[in-house]
Amino acid sequence: MAGHAPSSSAAAGFPVLRWFFSSLGKKTVVAVTGLVLVGFVTGHLLGNLTFFFGPDAMNTYAMKLQALGPLLWVVRIGLLVAVGLHIVFTMLLWKENQAATPQKYAVKAPMKTTIFARTMRLTGLIVLAFVAFHLAHFTLWLVNPAFAGYQTLLNGHEVHDVYRMVVVGFQNPFVSGFYILSLALVAFHLSHGVASLFQTLGLTNQTLRPKFEFLARIFAWTLFVGYSAIPVSILFYG
Amino acid sequence: MNFTLRVWRQDGPETAGRFEEYPARNIPDEASFLEMLDLVNEDLIGKGIEPVEFDHDCREGICGTCSLTIDGVPHGPGRGTTCQLYMRSFREGEVIVIEPFRATPFPILRDLTVDRGAFDTIIQSGGFISERSGSAPDANAVPIPKTIADLAMDAASCIGCGACAAACPNSSAMLFVGAKVSHLGLLPQGKPEKNRRALSMVRSMDEAGFGNCSNYYACEAVCPASIPASFIASLNRQYAVAAAKETVGATL
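As given, the protein sequences belong to chains A and B, one line each in that order. Each residue of the first sequence is one higher than the one before, counting from 1 in this note's numbering. Each residue of the second sequence is one higher than the one before, counting from 1 in this note's numbering.
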């Protein structure tokens, strides 16, 4: 067929689905949803850091967040969709990868792959379990039902005492330990994930890639330090 | 030099394979890996054992025919093809494990030979330009910035050996496809078909059953042509643009 242009046969059905379910399309979905979740963990950390400004600061922040009302639900549902797509599309990719590699080599050579890259699925799934526990603990108050009764006065109004809940919650060394461990796994996941998403979205070149990789690690472990500072300070300084 | 080889033997595509151990005696240290296998095969023929089948052609590092995964690394230690690997790179008395390139789209034909026809199918789907070549134009007739020409040349140095897919823990061919899509798409002659090329080559790659890149970068660690994985980013970018255009019906 020399001289015949590569065909661009009209995509059967919906071209957008054909795009998203192609190999590169699935990767793009994982990268974009990953970016949304990176935005979430960054914002969540900034909110959490109000802890260090005292009970009033944190309770004000929590109250304002709750006051968003329907908008908060839009964000929550958006995040849930992002998490769902991130996991489902990763699993679709993984299934294809398994099918493409029927027999492993007898000799295993790492060939440049980092521990962060090799543990993505494991760290992701453990973090998922952590998120479920974390929501049950601090959002749904299932782990310690007493949290529901924590009230305090803020500018004369009765509000939920989030600060006290956090302090009491993290005084349990098992809760704090699991939290810090999980955040370390988040940092593992993001050490590869954040650099990876720039590559997958095609925003890198040969000069930029090492810089993105370096910045992704700094970013991931800064998050870890920021998040862990709260349980560590509660455990060691009451 | 003397070595012990643990070699993958497989009688045919459908039969189960196994490792066999063969001694490699009195091998000159300046012998290439393939010459070492030639010597071992002569020895095996003398003993009435079927020689080990392996792929080779130019034996000067440019054709991309030789394969072999040596001690878990496609093309073995160091940068370059298996034919450019010399036995002085190994220690005296070492046990060397030799396996075929492993990936579902590269079925094993026999012993260490695999069918890399999947790469040809991908090239046929778009790895060309539909321009009448005519006689050679003057070098300055089509101005191309030096940086672009260099980048296109870096991508064009891919010899299609398949080591990238063989090294990839997911058996992904995206470095190969990224190099091919980029080397044509960067140059004026290849630009008109840029979008169609990216779409059809990626689809052909998906149909062949290759896995998906997880950004492990094992591919660029073994590529004998030192093609960087930034061409995968370039592929991602070109494909996303092409697919977005196709979605709204704007593909040329």
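Fair warning: there could be bad hints in the mix.
Label-pair restraints from in silico Cβ distances [said to hold, decoys possible]: (1) B/S157 to A/P210: 20 to 28 Å; (2) A/P173 to B/S157: 53 to 61 Å; (3) B/A149 to A/F133: 50 to 58 Å; (4) A/A129 to B/R59: 49 to 57 Å; (5) A/K211 to B/S133: 24 to 32 Å; (6) B/I123 to A/V16: 52 to 60 Å; (7) A/L46 to B/A149: 40 to 48 Å; (8) A/G226 to B/S133: 56 to 64 Å; (9) B/P107 to A/G39: 29 to 37 Å; (10) A/L128 to B/V248: 42 to 50 Å; (11) A/V16 to B/P192: 21 to 29 Å; (12) A/T119 to B/R59: 22 to 30 Å.
Far from chain B, by Cβ distances over 10 Å, these chain A residues were calculated [claimed, not checked]: (13) T42; (14) H44; (15) Q66; (16) V74; (17) Q103; (18) G124; (19) A146; (20) V166; (21) G169; (22) F198; (23) W221; (24) L223.
Hints were generated in silico from the structure; no laboratory data involved. We put the CB at the ideal spot given by N, CA and C, even for glycine.
### Query
What are the numbers of the hints that this structure violates, sorted from low to high?
Numbers 5, 6, 9, 10, 12, 17, 22 - these are the hints that the structure violates, sorted from lowest upward.
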